[in-house]
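Student: Given these sequences and hints, build the entire structure.
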Amino acid sequence: MSPESRTEIVQTLEDGRQQFVETVRDLTEAEAQAHPQEGRWSVLECVEHVTTVEERFLGRIEKAQREGAPPVNREHEAELAARVKDRTMRAQAPDFVRPTGRFQTLAEAVDAFHAVRGRTIGFAEQNAGELYSLAEAHPRFGPLNGMEFLIMMNSHVLRHAAQVSELRAELRK
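Numbering (our numbering), first residue to last: 34 to 206.
No lab work stands behind these hints: they were computed from the structure. For every residue, glycine included, the Cβ atom is placed at its ideal position computed from N, Cα and C. Among the clues, some could well be false.
What the hints assert, rightly or not - FRET-style restraints, in silico, Cβ to Cβ:
#1 Gln44 x Glu95: 18 to 26 Å
#2 Glu62 x Glu100: 22 to 30 Å
#3 Ala63 x Gly101: 44 to 52 Å
#4 Arg107 x Arg135: 35 to 43 Å
Tutor: Dropping the structure here:
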């Protein structure tokens, strides 16, 4: 892995964190817990989901096999990043990552997201030289190397940043 790639994935993860947190900044607790449309998650539920998914994904990549990873494929990385954050195709979250009311406040949820994203960034920094040799599969996207897995994780956060932006617009009509 080139030094640029190592720095780039860490910067990508940091930028994703900043973008996600920006979308929830200055919301009141009432806004964070509101459901502007029936059947859609609240902002607080979105933050809980993103945090839960990041925790699960981080746990998986930390235990990833160190052999048998798909080869470096920059086109696949770019396609994966675009596909995951694309909200034109709705996806149903599996039950085990659906919001359960784990956090009482938006601040508590955002703090938990910050903590897990910080651990993800630390993992990327500490394992930068091995990311392309890590092998982990995703049920929807198939076999991924560690870099692709981190890209997918970040794009998932960006997908929900877009969802939170949509919710904010609904709340402020």
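Student: State for each hint whether it applies.
Tutor: Results of checking the hints against the structure:
1. Gln44 x Glu95: 18 to 26 Å: Holds: the Cβ-Cβ distance is about 21 Å, inside 18 to 26 Å.
2. Glu62 x Glu100: 22 to 30 Å: violated (48 Å)
3. Ala63 x Gly101: 44 to 52 Å: holds (49 Å)
4. Arg107 x Arg135: 35 to 43 Å: holds (37 Å)
Violated hint for the displayed structure: number 2, the only one.
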